[in-house]
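Q: Guided by the hints, dock chain B onto chain A, whose structure is given.
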Amino acid sequence: MAMQEMLIWIANASYFLAAVLFILGIKRMASPVTARKGIVQAGIGMVIATLATFAITGGHNIGLILLGIAIGVIPTWLWGKKVAMTDMPQMVALFNGMGGGSAAAIGAGELLKFSHPGSAPAMTTIGLAVLGALIGSVSMTGSIIAWAKLDGRMDKRFNFAGQQVFNFLILAAAIVAGLALIFWQVDARLIIAFFALALLFGVLMTLPIGGADMPVVISLFNALTGLAVAFEGYVMNIPALIIAGTVVGAAGTFLTQLMAKAMNRPISGVLFSNFGGGGSGEAIEGSQKPIEASDAAALLYMAEKVIIVPGYGMAVAQAQHKIWELSQALIKAGKEVKFAIHPVAGRMPGHMNVLLAEAGVPYDLIADMDDINPEFKTCDVSIVIGANDVVNPAAKTDKSSPIYGMPILNVVDSRQTIVIKRGKGTGFAGIENALFYADNTRLLYADGKEAANQLISELKGIEGGGGH
Amino acid sequence: MIDGFLALYIFMLAAFTGKEIIGRVPVILHTPLMSGSNFVHGIVLVGAMIALAHAESTLAITIGFIGVILGAGNAAGGYVVTERMLEMFKSSKDKK
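Here the protein sequences come in this chain order: A and B.
The working numbering puts the last residue of the first sequence at 481; the count rises by one with no breaks.
The working numbering puts the last residue of the second sequence at 105; the count rises by one with no breaks.
Isolated chain A (complex conformation) (with noise of 0.2 Å):
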């Protein structure tokens, strides 16, 4: 009996410990210095909680928790290594819809336990578990959802007639068994109509949301998860659930407000309707002007100071490694170059920057929205590449454009600016962009990485034929 309470006691002090490194992990996280430090500590944090389980759980079912371990390490991390840096968003949905699944889960285990007569306990303890249980079957169905529309595997949008009524009587059935199960009794059947319900809300409210709003809502099931892995982590008597939960959840949903505020969307708007349903805003006066690769090239060459803004569009023509090799050659010519990176450029806040720092930029050259703002007034050229709705003036200046208000870069102060693209089309939203009009804008028609090859080869050719 000593030994089982020594044993108990090396848990607990163990469970303190990683939550301490949790939290210390996530604040190193905060700067690019300390970042990887950060994500090693809370590695460490839960290989030690991990192991310090297997003192209290007595041997029993070791053998099923040794298999369940390796069937789930060992795919996602294999995978894991391997997926490509695009991939990332829906990657951490996937791995979160996980997460909200094992919460689910131990709700599940904990109220088929109180369902044995005689076995149910305080009413608070009920709660927690069917709240969790409710958060974290929503949070596994709507971030799979999630994962399979950026992952392409399903169409964009799925919309019914009636769609947000059928969505609120889903919920408000889960909720009304939820609450049966704690008010009334703990029955077996009710518990099994109760996670159907749930699984099945969090399909039904992802559905209907479309690719340009996913990142705030996988944001959204990240905090939900944090908040269920907390509540099930009361229920479970295991005070590290609820710190690291709790956590995550307020940390979430803080990250999750920053997000929707960036792109101009309320949280209730990304929930409750669809994007791009306004006006279409004003037409627009003028022409895009064309421009040369050798004529581009020549402009970044009497250039002094030129800002490159890269979008999502870059990423998906795999440019990033020729833009940074073009922006090398700029520097060693003695030019200044920075990237400035909107909020959500890329698929999520901060994706852009995981893209670039892949294909080697140094993160000092990027730029935040707030601080190179200022500075394109005082830019000889801007180079758009990818980017479209995030450098719309009309999000300024139009207030029949359904971007109206959203954020933007302010590329249309600059001296010139040449924009990167492959053709005519639009943006995410559909919106045509007053910027491509400007009078000093012009515009290469190329792909992505060609186009930045192209510009290599002409600055070489210039510099090669030698006026300075």
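In case anyone wonders, no lab produced these hints; they're calculated from the structure.
What you are looking at is a predicted structure, and each value in this text was computed from that prediction instead of being measured.
A couple of the hints might just be wrong.
Unchecked claim - Now the in silico label distances, taken between C-beta atoms and shown as ranges: (1) 68(B) / 131(A): 15 to 25 Å; (2) 72(A) / 68(B): 16 to 26 Å; (3) 22(B) / 202(A): 33 to 43 Å; (4) 460(A) / 66(B): 53 to 63 Å; (5) 22(B) / 285(A): 26 to 36 Å; (6) 418(A) / 29(B): 23 to 33 Å; (7) 171(A) / 32(B): 28 to 38 Å; (8) 436(A) / 25(B): 43 to 53 Å; (9) 29(B) / 72(A): 36 to 46 Å; (10) 22(B) / 181(A): 32 to 42 Å.
We treat Cβ as the ideally placed atom computed from N, Cα and C, and that holds for glycine.
A: Quick look at chain B alone, frame taken from chain A:
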């Protein structure tokens, strides 16, 4: 069992901690951070392991087993992708 109010205090303090430590994160790290916090709630694995260890009936064992697989997947996958992303962040000084 943790006392109700004690749990409430833990919850409140952890919530403030979560918001505070995120508040200082630059936008460039938002994606790795979302991924990193996604990894941290992989701690749910510990709860699933304990649930499986205490499970008696076939149904409870099955549910616990699924919980362990999913929790382990969350933790392992979340770690690998976060670490891969953060490994790439280098400044111009690091390269020279």
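Q: For each hint, tell me whether it holds in the structure or not.
A: Each hint tested on the structure:
no.	hint	in the structure
1	68(B) / 131(A): 15 to 25 Å	holds (19 Å)
2	72(A) / 68(B): 16 to 26 Å	holds (22 Å)
3	22(B) / 202(A): 33 to 43 Å	holds (39 Å)
4	460(A) / 66(B): 53 to 63 Å	holds (60 Å)
5	22(B) / 285(A): 26 to 36 Å	holds (33 Å)
6	418(A) / 29(B): 23 to 33 Å	holds (29 Å)
7	171(A) / 32(B): 28 to 38 Å	holds (36 Å)
8	436(A) / 25(B): 43 to 53 Å	holds (50 Å)
9	29(B) / 72(A): 36 to 46 Å	holds (41 Å)
10	22(B) / 181(A): 32 to 42 Å	holds (34 Å)
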